[in-house]
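All chains should be built: construct the whole structure from the sequences, respecting the hints.
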Amino acid sequence: MTKGVFGVMAEFDSPSALVNAARAVRSEGYRKFDAYSPFPIEELHEAMHLHKNKLPLIVLCGGITGGLTGYLLQYFVTVIYFPINVAGRPLHSWPSYIPITFELTILFAAISAVLGFLGLCGLPMPYHPVFNAPRFALASREQFFLCIESSDPMFDFEKTKGFLESLEPKEVCQVAH
Amino acid sequence: MPDEQEVLEDNTTRAVIAPGYTFGTVTDQIASVVLTKHQPMFWVACFGVAFSLLLLFLWAIVLLMAKGVGIWGIRTPVMWAFAITNFVWWIGIGHAGTLISAILLLLNQQWRNSINRFAEAMTLFAVACAGMFPLLHLGRPWLFYWLFPYFPTTIGVQPNFRSPLVWDVFAVSTYGTVSLLFWYVGLMPDLGTLRDRAKNRIGKMIYGVMSMGWRGSAKHWSIFETASLLLAGLATPLVLSVHTVVSFDFTIAILPGWHSTFFPPYFVAGAIYSGFAMVLVLAIPLRKVYHLEGLITRRHLDNSAKLMLATGEIVAYAYIMETFLAWYSGDVYEQAAFWHRMTGPYAITYWVLITCNIILPQALWSKRVRNNTPVLFIWSLIVLVGMWLERYIIIVSSLAQDFLPSSWSLFQATRWDWATFLGTIGLFTFLFFLFIRLLPMISIFEVRTLLPQAKVEEEVRG
Numbered sequence: 001m002t003k004g005v006f007g008v009m010a011e012f013d014s015p016s017a018l019v020n021a022a023r024a025v026r027s028e029g030y031r032k033f034d035a036y037s038p039f040p041i042e043e044l045h046e047a048m049h050l051h052k053n054k055l056p057l058i059v060l061c062g063g064i065t066g067g068l069t070g071y072l073l074q075y076f077v078t079v080i081y082f083p084i085n086v087a088g089r090p091l092h093s094w095p096s097y098i099p100i101t102f103e104l105t106i107l108f109a110a111i112s113a114v115l116g117f118l119g120l121c122g123l124p125m126p127y128h129p130v131f132n133a134p135r136f137a138l139a140s141r142e143q144f145f146l147c148i149e150s151s152d153p154m155f156d157f158e159k160t161k162g163f164l165e166s167l168e169p170k171e172v173c174q175v176a177h
Numbered sequence: 178m179p180d181e182q183e184v185l186e187d188n189t190t191r192a193v194i195a196p197g198y199t200f201g202t203v204t205d206q207i208a209s210v211v212l213t214k215h216q217p218m219f220w221v222a223c224f225g226v227a228f229s230l231l232l233l234f235l236w237a238i239v240l241l242m243a244k245g246v247g248i249w250g251i252r253t254p255v256m257w258a259f260a261i262t263n264f265v266w267w268i269g270i271g272h273a274g275t276l277i278s279a280i281l282l283l284l285n286q287q288w289r290n291s292i293n294r295f296a297e298a299m300t301l302f303a304v305a306c307a308g309m310f311p312l313l314h315l316g317r318p319w320l321f322y323w324l325f326p327y328f329p330t331t332i333g334v335q336p337n338f339r340s341p342l343v344w345d346v347f348a349v350s351t352y353g354t355v356s357l358l359f360w361y362v363g364l365m366p367d368l369g370t371l372r373d374r375a376k377n378r379i380g381k382m383i384y385g386v387m388s389m390g391w392r393g394s395a396k397h398w399s400i401f402e403t404a405s406l407l408l409a410g411l412a413t414p415l416v417l418s419v420h421t422v423v424s425f426d427f428t429i430a431i432l433p434g435w436h437s438t439f440f441p442p443y444f445v446a447g448a449i450y451s452g453f454a455m456v457l458v459l460a461i462p463l464r465k466v467y468h469l470e471g472l473i474t475r476r477h478l479d480n481s482a483k484l485m486l487a488t489g490e491i492v493a494y495a496y497i498m499e500t501f502l503a504w505y506s507g508d509v510y511e512q513a514a515f516w517h518r519m520t521g522p523y524a525i526t527y528w529v530l531i532t533c534n535i536i537l538p539q540a541l542w543s544k545r546v547r548n549n550t551p552v553l554f555i556w557s558l559i560v561l562v563g564m565w566l567e568r569y570i571i572i573v574s575s576l577a578q579d580f581l582p583s584s585w586s587l588f589q590a591t592r593w594d595w596a597t598f599l600g601t602i603g604l605f606t607f608l609f610f611l612f613i614r615l616l617p618m619i620s621i622f623e624v625r626t627l628l629p630q631a632k633v634e635e636e637v638r639g
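Chains as they are written, first to last, in the working numbering: chain A, 1 to 177; chain B, 178 to 639.
If you are wondering where the hints come from, they were derived from the structure by calculation, not from laboratory data. C-beta: ideal position from N, C-alpha, C; glycine also. The reader is advised that the hints may include incorrect statements.
To give an idea of the interface, some chain A residues facing chain B are shown, with a C-beta separation under 7 angstroms as derived from the structure [claimed, not checked]:
id, residue
1, Ser37
2, Met48
3, Asn53
4, Ile80
5, His92
6, Ser96
7, Ile100
8, Ile106
9, Leu123
10, Met125
11, Val130
12, Asn132
13, Arg141
Given below as structure tokens:
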């Protein structure tokens, strides 16, 4: 029965309905599901336990790499590769390295924030089964969707569909692969 | 439950956006500016003028490449003149965009949601215009990569990392890159909206590719929110550092009128001052022409005007302190530099600058002036002129008359100086109107979060 089916999708009219549905789905025991909304909903992230992700760590690593790159680059150039003696001043003139070290820290951290964001989201992904749902184009406009995926161990087409219908959605539909 | 503050505030003038919008109508109104075949005459006219100025810019660049920087009025000792004045002016204008998109996001100022998109675009295009000037000023712009260290070097030397001019290269290129990334990440959900709403196939394809397959998943939104906050946190110190480094270009030199310790905060305040003036210059006609008064409300204009006034007061304080310190330092050269500014060959420019930047903007204290959009528009233009003159005075008057009277020489702008400057205004306007035509100028998803319907009503369940 679940062959060729990505999942079952329910459509809701308001963010509150979606948040309540997400809570109910989770407390029912489903884990492989996702909600789709036209804007970020803080309460939804809580309902789905989405508050932790690895992005801050990725950005920290990017920032440290950038800072080290900036400092070591300047050290290498001014002390080892191209030393110039200006009136006997020290070659390792660290105060003047600070602006570039700072800029490269920010640059690397920002680039890793964006790449980390794309990587953690698995984007770019031009095709995804949820786009097959007939009314899904409204997810970027005014409607709210929740899709329980067939890869969930508890997934049983009829039962899951029945369960979603009990949450008073506007519509429930099947999502093909 | 509405909080007390909201109840106390008069809803008709203080609301962030006008009442009566739904998720659908907000989406339609903003997307319809892009997804249509018809453009108002305003767009066609502005785009036409901008394109003509862009052609003038290209002409000026071709001539510059052929003949060299001598076509500009730069002569010893005033070797920076228009090029660096324009650079500092443009980069300053960009700062308000980052302030709105990053600092106000961190401060949870929700009114920013409907002006941040075009303000960020403004930042991006202003940085692009700013970047033109140091590049063209190089004399041989095609060798610009000499500014960066590369190995093995083909020129036998390396950049001098002890020079603020090299810091500037890193600061401005980082600023441009981070602004672009921040802007693009914020655009992705709206590009998804345009993909779903575009009628023709090519539009669907292009917006589809650009949105990278954004589907509004809650898992993505939560990472998106983290990414936005982190990028805002990174952009905040960055924007302060950029104009600080720009001011280092001056303060680290020992020239009288440049060598001072308070340039960094003074430059940052000036940057935000001129940036908000540009935000108002862009917002006032746009909301009128595209009937966006419900989304960019009086409150936005009022808040921007207040920020402009506040930063303007910091700038005024800086002018007073600058003059006081010149006198108090007891340094004859410093004193002479300021005396020359006020009474010398550039005295008229100096007093026009004081009028534009300090005296006239005091009118913004009045609520009537802030609420009168045509007046506010003209006042913003005055501030933009004033801030351009400020940089001109700092650069030209200090260079023209330094320590040795025998090396003094005045600067005369040539028509190519003006052509290049007007040309970048053309480039800016051209890019900006292209942006308005092709991308949503207001962040659709962020405006949706402002609607009362977006609030989740908590319902106690079992």
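* To do: Hold the hint about Ser37(A) up to the distance rule: shortest CB distance to chain B must be less than 7 angstroms.
  => holds, 6 angstroms
* **Satisfaction of the Met48(A) interface hint, Cβ to chain B closer than 7 angstroms** => At 6 angstroms from the nearest chain B Cβ, Met48(A) passes the 7 angstroms test, so the hint holds.
* Asked: Should the hint that Ser96(A) touches chain B count as held when the rule is a Cβ pair under 7 angstroms?
  -> holds, 4 angstroms
* Asked: Holds or violated: His92(A) as interface residue toward chain B, Cβ cutoff 7 angstroms?
  -> The hint is violated - His92(A) has no Cβ within 7 angstroms of chain B, the shortest such distance being about 11 angstroms.
* **When the least beta-carbon distance from Ile106(A) to chain B is tested against 7 angstroms, hint result** => Holds: closest Cβ of chain B sits about 5 angstroms from Ile106(A), inside 7 angstroms.
* **Status of the hint placing Ile100(A) at chain B (closest C-beta pair under 7 angstroms)** => Holds - the Cβ of Ile100(A) comes within 7 angstroms of chain B, reaching about 5 angstroms at its closest.
* Against chain B, is Arg141(A) within 7 angstroms by beta-carbon distance? -> holds, 5 angstroms
* **Hinted contact Ile80(A) with chain B - closest CB pair below 7 angstroms** => violated, 11 angstroms
* Restraint check, 7 angstroms cut-off on beta carbons, for Leu123(A) near chain B -> holds, 4 angstroms
* Asked: Measuring from the C-beta of Met125(A) to each C-beta in chain B, is the shortest one below 7 angstroms?
  -> holds, 4 angstroms
* Once the shortest beta carbon distance from Asn132(A) to chain B is found, is it less than 7 angstroms? -> violated, 11 angstroms
* To do: Using 7 angstroms as the Cβ threshold, decide whether Val130(A) counts as touching chain B.
  => holds, 6 angstroms
The structure fails hints 4, 5, 12 (numbered hints given earlier, in ascending order).
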